[in-house]
Amino acid sequence: MDDLLDITLPALHRGRTRVLASCQLRFAAGEVVALIGPNGAGKSTLLQAIAGLAPEPVQLTRGGRAVARAEIGFLPQAFAVRAALSVLDCVLLGRREALGLRVPPHLIAEAEAMLNRLGLSDLADRAMHDLSGGQQQRALIAQRLFRRPTLLLLDEPTSALDLHHQLETMALLRAHAAATRAPVLAALHDLSLVARYADRVLVLADGRIEADGPPEAVLTPDRLALHWRIAPEVLRARDGKSVIVPHLMATNMQG
Amino acid sequence: MTARPVPAVVRWRARAARQGVAVLIAALALAVLALFDLITGPSGMTPGALWHAALAGPEGADRAAATIFWQIRLPQLCMGLIVGASLGLAGLLMQTILANPLASPFTLGFSAAAGFGAALAIMGGALVPLPLPGWLLTPFLAFTATLTATALVWLVARARGTAPETLVLAGIAVMFFFQSAQSLMQFMASPEVLAQIVFWLFGSLLKANWVAVSVSGTILLVCLPLLARDLWALTSLRLGEAHAAALGLDVAALRRRAFLITALLTAGAVSFTGTIGFVGLIAPHVARALVGEDHRLGLPAAAIAGALILIAASVTGKMLSQGAAIPVGIVTAVAGVPMLLAVILSRKGV
Chain A
1 MDDLLDITLP ALHRGRTRVL ASCQLRFAAG EVVALIGPNG AGKSTLLQAI
51 AGLAPEPVQL TRGGRAVARA EIGFLPQAFA VRAALSVLDC VLLGRREALG
101 LRVPPHLIAE AEAMLNRLGL SDLADRAMHD LSGGQQQRAL IAQRLFRRPT
151 LLLLDEPTSA LDLHHQLETM ALLRAHAAAT RAPVLAALHD LSLVARYADR
201 VLVLADGRIE ADGPPEAVLT PDRLALHWRI APEVLRARDG KSVIVPHLMA
251 TNMQG
Chain B
256 MTARPVPAVV RWRARAARQG VAVLIAALAL AVLALFDLIT GPSGMTPGAL
306 WHAALAGPEG ADRAAATIFW QIRLPQLCMG LIVGASLGLA GLLMQTILAN
356 PLASPFTLGF SAAAGFGAAL AIMGGALVPL PLPGWLLTPF LAFTATLTAT
406 ALVWLVARAR GTAPETLVLA GIAVMFFFQS AQSLMQFMAS PEVLAQIVFW
456 LFGSLLKANW VAVSVSGTIL LVCLPLLARD LWALTSLRLG EAHAAALGLD
506 VAALRRRAFL ITALLTAGAV SFTGTIGFVG LIAPHVARAL VGEDHRLGLP
556 AAAIAGALIL IAASVTGKML SQGAAIPVGI VTAVAGVPML LAVILSRKGV
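Those protein sequences? They're chains A and B, same order as listed.
For the first sequence, the numbering used here gives the first residue as 1, with consecutive numbering after it.
For the second sequence, the numbering used here gives the first residue as 256, with consecutive numbering after it.
If you're looking for bench data, these hints aren't it; they were derived computationally from the structure.
Some but not every residue of chain A turned toward chain B, in silico, with C-beta under 8 Å:
{"no.": "1", "residue": "ARG69"}
{"no.": "2", "residue": "CYS90"}
{"no.": "3", "residue": "LEU99"}
{"no.": "4", "residue": "ALA109"}
Listed next, with one range per pair, are the computed distances between beta-carbon atoms:
{"no.": "5", "chain 1": "B", "residue 1": "VAL261", "chain 2": "A", "residue 2": "GLY63", "range": "38 to 48 Å"}
{"no.": "6", "chain 1": "A", "residue 1": "ALA80", "chain 2": "B", "residue 2": "GLY312", "range": "55 to 65 Å"}
{"no.": "7", "chain 1": "B", "residue 1": "LEU387", "chain 2": "A", "residue 2": "ASP130", "range": "46 to 56 Å"}
{"no.": "8", "chain 1": "B", "residue 1": "PRO593", "chain 2": "A", "residue 2": "ALA80", "range": "29 to 39 Å"}
{"no.": "9", "chain 1": "A", "residue 1": "ALA68", "chain 2": "B", "residue 2": "ASN464", "range": "44 to 54 Å"}
{"no.": "10", "chain 1": "B", "residue 1": "SER469", "chain 2": "A", "residue 2": "PRO105", "range": "35 to 45 Å"}
{"no.": "11", "chain 1": "A", "residue 1": "LEU167", "chain 2": "B", "residue 2": "LEU410", "range": "50 to 60 Å"}
{"no.": "12", "chain 1": "B", "residue 1": "ALA271", "chain 2": "A", "residue 2": "ARG82", "range": "18 to 28 Å"}
{"no.": "13", "chain 1": "A", "residue 1": "ASP130", "chain 2": "B", "residue 2": "VAL261", "range": "14 to 24 Å"}
{"no.": "14", "chain 1": "A", "residue 1": "ARG181", "chain 2": "B", "residue 2": "ALA418", "range": "36 to 46 Å"}
{"no.": "15", "chain 1": "B", "residue 1": "ALA271", "chain 2": "A", "residue 2": "ALA171", "range": "29 to 39 Å"}
The structure displayed is predicted, hence computed values, not measured ones.
Backbone N, C-alpha and C define an ideal beta-carbon position, used for all residues, glycine too.
With the hints as extra help, turn the sequences into a complete structure.
See the structure below:
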């Protein structure tokens with residue numbers, strides 16, 4: 001599973017509007033890549049296209065082999081689940097194709113272990129619609145990880161999580177990528193999380209991949225000012241990772 | 256000392272056992288109610304006489320008893336079981352693919368279409384050049400009209416996609432079309448013909464015979480294995496369309512398959528009995544209360560619940576009226592309202 005994963009994307013459209021120019025992406029085994037960009041840049045569109053949920057056909061290959069849509073794990077941005085399925089049921093559905101009339105005990109045990117990793121074992125028998133937004137989000141992340149995808153796509157996976165669980169989830173994603181050698185591509189808004197946990201950053205802006213590189217090279221004050229219209233302070237935490245402190249630009253405040 | 260947590264496998268098996276027992280109890284209740292339905296009727300025959308008629312067979316010496324048992328009560332019971340099961344299954348499918356707990360097999364206009372077909376047969380059967388006996392013409396045209404409604408909704412889905420909103424809007428349009436056509440025919444009909452049309456629309460098991468049982472039963476048996484292949488896919492759809500699609504499910508294809516199966520089950524049910532409301536709406540909720548959202552047990556539970564509701568309505572209709580039994584469609588309509596209110600008031604989630 002250490003081959004490079006290549007993605008060939010045609011130009012992506014929403015209606016008649018072109019959202020993203022055609023491009024090629026390449027991910028190394030176990031790489032955690034952050035996808036960032038201002039609102040409306042097309043991050044969700046890009047992720048949906050890679051997941052095979054857009055009209056435009058996307059080619060994914062790994063080691064010369066085509067990657068099937070079923071091998072991709074995708075967590076969309078809108079995640080509310082209103083069914084009475086239990087959390088354990090929900091996680092097991094991540095491997096729906098392996099379930100039969102009688103669910104194999106080893107799958108149940110694996111699902112339970114996955115819930116333990118995300119600190120959700122106490123919620124295993126609770127109905128999904130009884131959970132808070134953050135709990136649901138973590139349960140759905142557990143489901144996608146349980147699926148053991150060749151490529152994991154996440155659209156704002158920490159949007160509903162408190163600070164502790166944001167850090168825990170990102171750390172878990174890094175550990176998962178390292179253990180399974182499956183790349184992770186996650187759309188994120190929190191640039192400090194990006195700086196801390198991403199191996200590489202893709203900046204989506206002006207209808208194209210405007211930048212592609214390690215966080216320290218991509219998250220520069222000039223680029224952030226240009227695309228996010230903020231005046232950032234880029235500080236260093238005690239572990240050497242960047243911390244982005246955003247400030248509104250003076251011209252924004254006059255608007 | 257804190258207790259060790261029970262492993263998920265053990266809890267899972269325990270839950271499956273509880274749900275299995277619940278379905279078994281429901282099936283036993285259905286068996287008991289079916290027996291009660293057999294021995295209940297306006298003829299006043301004793302259970303002993305009925306037992307002897309059953310043992311003697313359709314050609315038994317007591318012709319009256321044989322006729323009542325083999326040509327009236329037993330086909331009506333079988334029809335009730337098949338129609339109830341079909342409507343229960345169709346109802347659960349509708350509520351799953353439309354993600355709407357208030358959907359029913361009639362949401363997409365199938366009932367109105369069947370009523371139009373029946374009215375057409377009753378009013379102008381002599382004008383329809385089909386080599387069918389009169390008693391078969393009405394169900395044939397009701398069935399054909401239901402499939403026509405299916406085709407109309409299908410065409411809209413092909414053109415605009417299978418999103419729940421699209422299907423429901425198309426179904427509403429089809430329903431109003433056939434309802435207005437049916438109303439026009441009722442307006443034009445003579446009083447005698449109008450009475451026949453209205454009686455058909457009540458929904459009744461009185462029209463049951465072995466041909467009807469064979470046709471409806473065959474349709475149900477054909478649909479069952481088709482449903483079996485999509486048990487987990489249907490359960491996945493309960494997560495919501497976005498998540499089901501993200502897990503690799505072809506949601507549009509699943510909706511089309513479920514839609515066609517629902518149309519077949521509904522057509523097979525209403526063509527011979529007329530419109531029997533609320534069974535397809537309430538049975539899925541009973542099933543969910545028994546076994547939750549897992550369609551592996553949910554589908555058989557919905558079938559059993561649908562049959563239970565219909566046979567209970569049949570028994571009630573016979574017991575409430577001395578002489579001719581009250582049509583089951585009227586009983587389910589009256590009893591369905593408080594049951595629907597109970598569903599609405601107890602709703603948690605979707």
